[in-house]
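Two chains, each in its own frame: build the complex with the hints.
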Amino acid sequence: MIKLTIDGKEVTTEPGRKLIDVITEIGTEIPHYCYHKALSVTGSCRLCMVEVENAPKPLIACNTIANDGMVVYTDTENVRKARQVVLEFLLLHHPLDCPVCDKAGECLLQDFSFKYGNGESRFTEPKRVPPFKDLGPNIMLATTRCIMCTRCVRFMKEIAGEDQLTVVDRGSKNQIAVVEGKKLDHPLAGNVVDICPVGCLLDKKFIHRTRVWHLEKTNTVCGECSAGCNIYVESHNNEIFRITPKINMFVNGFWICDYGRYSNEKYNDVDRLTKPKIREGNEQKAVTIEEAATAIANNFSKYMKTKNAVAAIVSPGSTNEDAFAVKESMRIACNSEAVTGLFAEPEIKDEVFPTGFTIKGDKYPNQEGLKLVFGLSVPDIDAESVLNEIESGKIKAVYYVKNDLKEVPQRILDLLEKVEFLVVEDIVESPLTEIANVILPGKIYLENYGTFINYQKKLQRLQTDLKAPSGTKSTWEIAKMIAERMGQKIQWNSANDLFLMMAKHYSDLEGLSHFKLGDSGKTLGVDNKVNGTDG
Amino acid sequence: MADIQRIVMANIVKDGYTGSIDDYRKEGGYTAIRKVLLEMKPDEVIEEVKTSGVRGRGGAGFPMGIKWGFVPKDSPKPRYFLNNADEGEPGTFKDRALMTHDPHMVLEGQIIGSFAIGCNVSYIYIRGEFYHEAKILERAIKEAEDAGFLGDNILGSGFNHRIYVHRGAGSYVCGEETGLIESLEGKRGWPRNKPPFPAIEGAFGCPTIVNNVETIANVPFIINNGGAAFAAIGVEKGTGTKIYGISGHVNKPGLYEFQMGITLKELIYEHAGGVRDDKKLKAVIPGGVSMPVLRADEIDVQMDFDSLVKVGSHLGSGGVIVMDETVCMVDALLNLSVFYAHESCGQCTPCREGMPWMKMIVDRIEHGNASEEDIDLLYDVACNIEGRTICAMGEAGAWPVKAFVTKFREEFVEHVKLGRCPYNK
Ligand SMILES: Cc1cc2nc3c(=O)[nH]c(=O)nc-3n(C[C@H](O)[C@H](O)[C@H](O)COP(=O)(O)O)c2cc1C
Ligand code: SF4
Ligand code: SF4
Chain A
83 MIKLTIDGKE VTTEPGRKLI DVITEIGTEI PHYCYHKALS VTGSCRLCMV EVENAPKPLI
143 ACNTIANDGM VVYTDTENVR KARQVVLEFL LLHHPLDCPV CDKAGECLLQ DFSFKYGNGE
203 SRFTEPKRVP PFKDLGPNIM LATTRCIMCT RCVRFMKEIA GEDQLTVVDR GSKNQIAVVE
263 GKKLDHPLAG NVVDICPVGC LLDKKFIHRT RVWHLEKTNT VCGECSAGCN IYVESHNNEI
323 FRITPKINMF VNGFWICDYG RYSNEKYNDV DRLTKPKIRE GNEQKAVTIE EAATAIANNF
383 SKYMKTKNAV AAIVSPGSTN EDAFAVKESM RIACNSEAVT GLFAEPEIKD EVFPTGFTIK
443 GDKYPNQEGL KLVFGLSVPD IDAESVLNEI ESGKIKAVYY VKNDLKEVPQ RILDLLEKVE
503 FLVVEDIVES PLTEIANVIL PGKIYLENYG TFINYQKKLQ RLQTDLKAPS GTKSTWEIAK
563 MIAERMGQKI QWNSANDLFL MMAKHYSDLE GLSHFKLGDS GKTLGVDNKV NGTDG
Chain B
26 MADIQRIVMA NIVKDGYTGS IDDYRKEGGY TAIRKVLLEM KPDEVIEEVK TSGVRGRGGA
86 GFPMGIKWGF VPKDSPKPRY FLNNADEGEP GTFKDRALMT HDPHMVLEGQ IIGSFAIGCN
146 VSYIYIRGEF YHEAKILERA IKEAEDAGFL GDNILGSGFN HRIYVHRGAG SYVCGEETGL
206 IESLEGKRGW PRNKPPFPAI EGAFGCPTIV NNVETIANVP FIINNGGAAF AAIGVEKGTG
266 TKIYGISGHV NKPGLYEFQM GITLKELIYE HAGGVRDDKK LKAVIPGGVS MPVLRADEID
326 VQMDFDSLVK VGSHLGSGGV IVMDETVCMV DALLNLSVFY AHESCGQCTP CREGMPWMKM
386 IVDRIEHGNA SEEDIDLLYD VACNIEGRTI CAMGEAGAWP VKAFVTKFRE EFVEHVKLGR
446 CPYNK
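If you read the protein sequences in the order shown, they are chains A and B. Residues 83 to 617 (my numbering) make up the first sequence, in order. Residues 26 to 450 (my numbering) make up the second sequence, in order.
In case anyone wonders, no lab produced these hints; they're calculated from the structure. Hints may contain errors.
Unchecked claim - With a straight-line cut-off of 20 Å between C-alpha atoms, the simulated SDA-like cross-links for lysine to any residue are:
#	chain 1	residue 1	chain 2	residue 2
1	A	Lys209	B	Leu402
2	A	Lys139	B	Lys212
3	A	Lys119	B	Pro220
4	A	Lys255	B	Lys212
5	A	Lys163	B	Pro221
6	A	Lys119	B	Asn218
7	B	Lys212	A	Gly253
8	A	Lys209	B	Lys167
9	A	Lys215	A	Val261
10	B	Lys219	A	Leu141
11	A	Lys139	B	Asn394
12	A	Lys209	B	Arg389
13	A	Lys163	B	Cys408
14	A	Lys139	B	Asn250
15	B	Lys219	A	Lys255
16	A	Lys264	B	Arg389
17	B	Lys219	A	Glu135
18	A	Lys100	B	Lys219
19	B	Lys219	A	Val123
20	B	Lys212	A	Arg236
21	A	Lys139	B	Ala85
22	B	Lys167	B	Gly181
23	B	Lys212	A	Ala259
Values in this document were obtained by computation on a predicted structure and should not be read as measured data.
If we strip away everything but chain B, and leave its shape as in the complex, we get (with noise of 0.2 Å):
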């Protein structure tokens, strides 16, 4: 069982394989839902998922079981499950494929979790701009409709159950749990403070889960396997497999599934090719770009949440972005911040004027027009954004540019000596 090194791309990976129902099926799919429903209390399968030790795969790594184990049981309310499709993080496209390529799997968990904490209604809250994949989606939906798996007395368990796919309008900050309890409410996608966390006070007032579309995918194979072998997968408080998503310099970039643990440095050498044209490799972003940046020298790292910790970094998401020799540190660094800058939703002080500030200032770095005091003035603006704002776009903003500055200091500096970018970017 150790050895496996696939769950939620599994199906995905096998040839002529569909996505449809009944390729679903026939790989095994819905048998987990039909044990839960039929011979599981929700108790038993929250405690499954605790077994299993699976965290979050949206960013965060909050453990799933443990989450979902907060809803109060004694609450008159429903109960809201909510998928965050919204995948919005740069860097990061494993969602997505997920949803095009296996949506029952994803829509089994979502079914099993939904079914754990007593929720009727659950939603898909997809970015806008998955039109296509939420079409696939509502397709989906609209056969496990037929097929039984959705509906009124789901197999004849009395269980009842429905999914909406809700579409964003395209904001970074409504894939934020609350901003996207915010937007699903029909307002402005405004993060929330916490507390109370959505577990108690989420969606329309009522006790809330929200959970990646990676992570929910995951259910099914424990509910299947249990709890104690997806926890014999990858490393301790790491379990099972990630989808690491690897884009940039590298010859094969793509979506590759592997155990928790793999190196950052065999994923790109072994697996993804090597860097391109055998260039040197210069830095890694290794889980979305909201997370601090490796130097090449860094990247014997493990891919699990506690190892990249040690090295300054996170998991995050698992996308990987590859950066080679030729890269601009400065000016890759403007590219993030102008995404920062343009992503914050402008409600709490430190975001909406740190993002856009430190923008200007990388800005004026990258094109010559700053002193080495602006080096040291940019990464006082991310310290002061930091642990200041309502949500963690505050971290997402001012980690990467802290990171920056200070693993490529050498290069600012470059830029202000010259008093222009030394890539003539």
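In isolation and in its complexed conformation, chain A is listed as follows (with noise of 0.2 Å):
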């Protein structure tokens, strides 16, 4: 360890690392714009000048590395006047149009002008104009605004790797412009939006929609792959304007994919179940929510004498809750342990960038979890015994929750026309809600609260702030509802009183609460027995 001293402080750390980290740890800003941490040093903006004792001149911090006995400052006179400086340079040709730009509000040349700026322009030039341009499918560049950090530059070619964007011209007319023959297409393209320090790389389906202040941000984690990104929904009113990266470093780093990112269009787009239906004859008649369940309770009845007759099959999108809801109403109320995951083998490899960062082929989010919640407990009832009882009659009716735009193989769809009475939670009309005798209408992960497991065993929470349509139910009222239409007492609320039920039931979860999990999550077996969030 070595120790040196920040305004006076004394700092202790270990030798080898940047300044600029040092100093940010202890809470002191120093503002800068090229720095990124995931992001090679490229020192080029200039304005995270320090002052070290026995240095000539200020230094620049984030390509100074701290060393035994340094003696810091960073609020001098020249510290000071070198980010005036810098600030000046920078706004000399930019264009000041704030008020229609849509990183105000989060802008850090907005921020550390108005901080560290000085008032007044004495540039009485012309101002450069160049024009904007369109990078690629999502992406565009509002050319004027652009400080040169070339931060985007290194994120393609150090994270994405791949060169999609490079400098082009020379000095003041340096331009951020696509490698020639490409476009801005890559999966992680998204990601150059959020570093952009200020308002020059835009995401053209967020552009000028609203500011920026009018957004709620909820933090949660993406269903859409295993790899469990954690992501920040922003949303106004009900709607999902963006999804950006929350910083985990030990999932996602800071960043998403496409993928994710856009994920809330496709369930946009679509029309959503919103009214319970029962199949009479050939027909499927709306009803309300309690004439589904009393529907289901009495069709369970009649076949829960055999043991296991009724079975449930969870879609690993779903919560660990909403499946520990769906199992525990099945053991309560159906004389069923026929219970499982629809666990699927990812068709599609895993895509692996330079440092790691992973868009995974198992597009489901919560394999891990619902092999927590089923497999471990009743080792001897999976998916492919369900599915074999299911073929040979034992199983006569059948609980299916899917709630995902994914199609189910034709397989099981087979299968299920074979049961005697299907009911299927969903969102979306589909073939599988074609042959059901009873749908229900479910929520989409971006509308739950509960928690997933990703791939590398990571427990994280889901949140939310959004309201799901009118109509649609979590699938743990659903389990609760039947359950208590057949004549049960169910103790649980919440997802959060399921999770603490579980974490009496599962040793994997012992000790452990949504609170505990904390920002980063709890990787089971690893450190749910420690307090508070791992680092």
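See the structure below:
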């Protein structure tokens, strides 16, 4: 360990670290643009100057290694002057069009100029006005606002692993551009918008749609693959305006992929189921949720005298809590332990990028969770045995929880057609709902509370600010309703209650609660017994 | 020994000298390499160069032997020796002459330097415009290979070495050593932050030495005559000779090699034939356009590293630009400002934004669209760039502005007051 003095405070840290990181960690702001923790250092914005005793002039904190005995000052006259100078230079040609700029409110040029800059411009020459550029399907370049930090270029090279962006021309004519013959269409490309410190790289889907200060930010987990990236869902009046990465160094780092980023679109584009339906002859008739629950209870009661004649199949897109609720109501009310996740081997390969960021081939976010909820406790009941028993006719009634837009394989559809009584909980009409006796309108993960376990066995929490379409219900609510109609008393009233029940039931979850998962989750079998968040 | 006036141009000035390998060998060429490869250890070569006190002729004046000594002895990586032949500094045209007229002296120096740091592949990074010179060097390399001074097991010493010529694409900043390295690696010539210094981590991530053509050309002499003999020439901390490239309003512009310490006045009036048409001298830039300009009354100064620092300038590349009384200093500065604005690589904020801004202000002053505050603004912008950039281009562009404005302020004020250029430029 080494000791250095920062603004009179003694700080201890490991050797070999960048001064900017050491200073930022103690809560002192070092304004900067080009430096990004996950990218190589270019030291080009020249804003992060600090004074180091015995150095002839201020040094950039991003390219200075903290040394033992170093005496550093972050707020001297020289430092303030250096910041002022750099900010003046950066604003010379800036159009100052904050009123129409989407970055306003979260723009570092705005923030630092306000905090460290000069109120007035001494620049009276004509400004450069390079034209805006279209870079790819989702991203444009508001060229006039660029400060040439090159974070985007470095991101594409170092993190995405494909040089889709570059700098063209020279000097003050320097411009970010797409490499000749290419488009900015990499699956990680959207991240360049987030790391652009100014309003230059813009998400075309977000442009001019709202001001960022209107957005409510909820942190949750992406459900589009088993990577379990941490995301912010940013919404206003129940509409998602954008999904952005939430930093979790143990999972996604600083990034998300574009499938996750734009995942809300595909749910927006569909007609959601909002009313329960019951089949009468060839028709499916809309009913109230109570009527639906009663119909389910009546039918399940017919079969439940034989153990495991009623079964439940849960999609691995469901939360642990929902899966557990289904399992519990089956056990308590339906005399059944035939509950399983519909596990699936991924059909496509993982996409792994140079620094390890991975888009998983497994497009279900919670196979690991369902293995825990179902697999471990009843070892001999798995998806295959449930399907076999449907085939053999032992299983007469099935509660199928789906709630995603994925296709159900034909083999399974064929099997389910044989079932005497099929209950389907889903979000849209599909070949599966067509053959259902009862259809229940469910929720998507973006509207849900609960937990997922990603492929690394990281248990993470889902939260939401969104109101699901009226008429839809969480799986745990439906499971509870069915069990209650069948005369059972059910104690859970929220995903949180269910988690606490699970924490008693599964040793892997012992001592945990939603709250204790904190911001970065817990890795099962590693840190669930430890207090606090891991790190 | 101490009255030796020529080292690197000693052959060139001889009648009939063609620069061929035969001519070079007739003048004692390629004897130093024999001595080095067969009799000396790399460390002894470095010691000899340190003893000579020879400092860089590319602009920064860093002692060559000390730089070579920075290469880590225990690094398992290959090392690279780069000969900086980018010669982009306006007013500088000495390296070109050495490469054209005595290429083997440069090659011999480069092979010895490479041996000293344990490098088997070295490069000559030559500016794109020097097409002809690149061809000459390539021919000379071929001659040296055929004569056994390059290739495998040179002179039976076990030392292998190859030299490649790499042509730049015409950027001033690619003469800055780390910009040069990036360019050599095939990237944009964007200078790197230091540390790490090239001697530790340079080309392809390996220890690398960058030296100027003229600096390297001194090496054979140092080996043949000993570092002490070289150190006896010139002045203390400015040992050896220097090529002064005199251009501008003198009667006999050209390259002059003299011992360090000759005065600027002597150079101009006794050797370069004085100011043309007996005009009055107005100003002299002593070391390439990046170095602060001197007024006519400041030229009684010795042309070595330390003496010029004392009068607020630098030896730089030794390119002396002489301006007589017909020159408009604002116009002259405008010319320079256009150059720096054009050549800034644009990587770092102060230089990218500051250079064109200064150009615009100088342009307004020259054309009478400015106020006196603009003169102060100009000076302030230069101060704001200086010391805050990635590479020394920041200083290269800021120093001329500061010196012109300080030393010839009355001319700037005159432009502002008249609302036009008094020289009708
Ligand atoms: C903008 C800029 C341009 C430069 N151009 C050249 C050049 O053309 N030739 C050169 O030898 N050195 C040039 N230099 C200096 C080099 O960075 C370096 O100091 C030099 O090559 C070292 O060699 P020396 O020690 O033998 O002088 C330049 C420096 C700067 C900042
Ligand atoms: S990698 Fe997977 S979890 Fe992460 S954002 Fe993309 S789809 Fe979502
Ligand atoms: S000082 Fe100028 S030339 Fe040097 S890196 Fe910065 S922008 Fe490029």
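Hints versus structure:
Taking the CA atoms of A/Lys209 and B/Leu402, the gap is near 18 Å; set against the 20 Å cutoff, the hint holds. A hinted pair counts as satisfied when its Cα atoms are at most 20 Å apart, and A/Lys139 with B/Lys212 does not qualify at roughly 29 Å. Proximity of A/Lys119 to B/Pro220 is assessed by CA-CA distance (about 19 Å); at most 20 Å being required, the pair is judged to hold. Distance hint between A/Lys255 and B/Lys212 is fulfilled; the C-alpha atoms sit about 18 Å from each other, no more than 20 Å.
Of the pairs offered as hints, the one joining A/Lys163 and B/Pro221 is violated, with about 26 Å between alpha carbons and a cut-off of 20 Å exceeded. At most 20 Å may separate the alpha-carbon atoms for a hinted pair to count; A/Lys119 and B/Asn218 meet this at roughly 17 Å. For the hint pairing B/Lys212 with A/Gly253, the CA-to-CA distance comes to about 16 Å; that is within 20 Å, so the pair holds. Pair hint A/Lys209 plus B/Lys167 does not hold up; C-alpha atoms about 52 Å apart against a cutoff of 20 Å.
Restraint check: the Cα-Cα separation between A/Lys215 and A/Val261 comes to about 13 Å, which is no more than 20 Å; the hinted pair holds. For a cut-off of 20 Å, the pair hint linking B/Lys219 to A/Leu141 stands: about 11 Å separates their Cα positions. This hinted pair does not check out: A/Lys139 and B/Asn394 have alpha carbons roughly 35 Å apart, beyond 20 Å. Straight-line distance between C-alpha atoms of A/Lys209 and B/Arg389 comes to about 15 Å, which keeps the hinted pair within the 20 Å bound.
Pair hint A/Lys163 plus B/Cys408 holds up; C-alpha atoms about 11 Å apart against a cutoff of 20 Å. The suggested pairing of A/Lys139 with B/Asn250 is violated, with an alpha-carbon distance near 41 Å, which exceeds 20 Å. Between B/Lys219 and A/Lys255 the alpha-carbon distance is near 25 Å, which puts this suggested pair outside the 20 Å criterion. Proximity of A/Lys264 to B/Arg389 is assessed by CA-CA distance (about 42 Å); at most 20 Å being required, the pair is judged violated.
Between the alpha carbons of B/Lys219 and A/Glu135 the distance comes to roughly 18 Å, so the proposed pair stays at or under 20 Å and holds. Proximity of A/Lys100 to B/Lys219 is assessed by CA-CA distance (about 14 Å); at most 20 Å being required, the pair is judged to hold. With a C-alpha separation of about 11 Å, the suggested pairing of B/Lys219 with A/Val123 holds against the 20 Å cut-off. Between B/Lys212 and A/Arg236 the CA atoms are separated by roughly 14 Å; this keeps the pair inside 20 Å, and the hint holds.
A C-alpha spacing of about 18 Å is found between A/Lys139 and B/Ala85, which places the hinted pair at or below 20 Å, so the restraint holds. Our distance criterion of 20 Å between C-alpha atoms is met by B/Lys167 and B/Gly181, whose separation comes to about 19 Å. At most 20 Å may separate the alpha-carbon atoms for a hinted pair to count; B/Lys212 and A/Ala259 meet this at roughly 16 Å.
In summary, the numbered hints that this structure violates are 2, 5, 8, 11, 14, 15, 16.
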